[in-house]
Amino acid sequence: MRGSDAALLSVSGVHTFYGSIEALKGVSLQVEAGEIVTLIGANGAGKSTLLMTICGDPRAARGTVRFDGRDITRRSTYEIMRSGIAQSPEGRRIFPRMTVLENLQMGALTADPAHLEEDLERAFALFPRLKERQHQRGGTLSGGEQQMLAIGRALMSRPRLLLLDEPSLGLAPLIVRQIFEVIGEINRTQGMTVFLVEQNAYHALKLAHRGYVMVTGEVTLTGTGAELLANKEVQAAYLEGGS
Amino acid sequence: MEYFLQQLINGLTLGSIFGLIAIGYTMVYGIIGMINFAHGDIFMVSGFIALMSFMILGIAGVTWVPLALALVLVIAMIFTSVYGWTVERVAYRPLRGSFRLAPLISALGMSIFLQNYVQLLQGARSKAMPPMIEGGFTLMERADGFTVDLSYVRLMIIVATLVLMIAFTTLIAKTSLGRQQRACEQDKKMAALLGVNVDRTISLTFVMGAGLAAVAGCMYLLLYGVIDFYEGFVVGIKAFTAAVLGGIGSLPGAMLGGLMLGLIEAFWSGYGSVEGKDVAAFGILVLVLIFRPSGLLGRPEIEKV
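Protein sequence lines correspond, in order, to chains L and G. For the first sequence, counting from 1, position 85 maps to 134 in my numbering; every step adds exactly one. For the second sequence, counting from 1, position 4 maps to 35 in my numbering; every step adds exactly one.
Quick caveat, the hints were computed from the structure, so don't treat them as lab data. Honestly, I wouldn't trust all of these hints.
[Unchecked claim] If you want the footprint, here are the derived chain G segments under chain L, 3+ residues with CB under 8 Å: (1) 197-211; (2) 215-223; (3) 247-260.
[Unchecked claim] Below, computed lysine-lysine pairings styled on DSS-like, alpha-carbon distance capped at 27 Å: (4) G:LYS205 <-> G:LYS220; (5) G:LYS220 <-> L:LYS74; (6) L:LYS255 <-> L:LYS281; (7) G:LYS219 <-> L:LYS180; (8) L:LYS180 <-> G:LYS205; (9) G:LYS219 <-> G:LYS205; (10) G:LYS158 <-> G:LYS308; (11) L:LYS74 <-> L:LYS281.
Where is the CB? At the ideal position from N, CA and C, for every residue including glycine.
Take these sequences, add in the hints, and give me the full structure.
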């Protein structure tokens, strides 16, 4: 039996402000070790803000973020990331003037250097395209390749919690499918815990064990992926014509 | 021909010193987007530290020149780095995230502070040092007795600069620290998300810039034998010009800009007038900026720090 205190990530009553705008209005949710949990919601609902608040940038004004039982609410971003969280952020944020290989090495900054070769091979096995392009500059990659690199880079630190912000954004359906397959694969084979933020609700809910729905800074619904997929409100708001 | 060669040697020496200082300007600009106007004064402080170290070592009886030189370099680099670190900590870090001009004004203030600080401690007059390294090679002799000399000091300056620049380029291109600096330069938020301590990386950038300025300060003292509290302003403006000429933010640009500026000054002094050398240097800067506003190598795809 695992109570909510034992969750790998536990967000409780978090409020975050951008200036005077309250972007998160008391958000609470949990991610258990080994799960894929998704957070769906419209553009501007505060999904990315939540991911960044977990990483301490910006910090929560109220409420607490606990990772692995420890309160990380007031820690610096780099300390939080060194404690075992990795994020593939909104807009991918590939270093444009670094090669693919250097971007991956940056991801491995907090990892044991002895693992580097092994982890590179693993990233290349997940995304063979990255291997072909390893000496190319990040800025020259296509959108799909940049997304693969962003996920590969996040995995290089061997995180215990992987935060993914809209990996499907702006990508062709075929690439989206590939990327979601890889997310499922790393969860199954490596037991990676994944917290996935998506607007592409259909794919995300099919993949995830559980999901939360966010509307203007608040969590309004929660359930298993299948429950939310079957939910009328979710269908009306997020799945119309979705694929 | 002999005269040309001599001016070439002089220009390369001066350009090496400009280049070493210019790297500090360009790296700081690359990583936090500000011009560190106090950098020239950091160079001046290092000259005084070197001068004092030579005197103390002299009193302590360290008279073997290579050893004294090595010790002075190390001492100057350490103490100057502390100055560089402190300046960033005191004058720039508290202003990070405030409006763009604030750190620039703070930098000007820091520059004035350092000049007055040294003037108070050391006096306003130039301090002189007897030449440490004498002699050199005579490369050529003309019929009328004009000789082309490569003094040991100039040779040492050129070689040391070459070695440092190769080491430095390798550091930035190949090591984890260099990657972290480039990451901060390209996207600080993402760098932090990968576990980079951004504040520490910025501090280290200042320390590295100051370390190179310290080498330049020692070289300058060895070459000219005098230093005064105002020296940093003049040489600093030249090195800053070199950084802009090469393309501010670009590491190879700073080196190239430094060398070019040194050569322009040397040839202008040699063939034109010594008084006109600054006009020539800044005139060429204006021309380059008209036709290449981002400097010679300052294109976005060039590796910057």
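Violations among the numbered hints: 3
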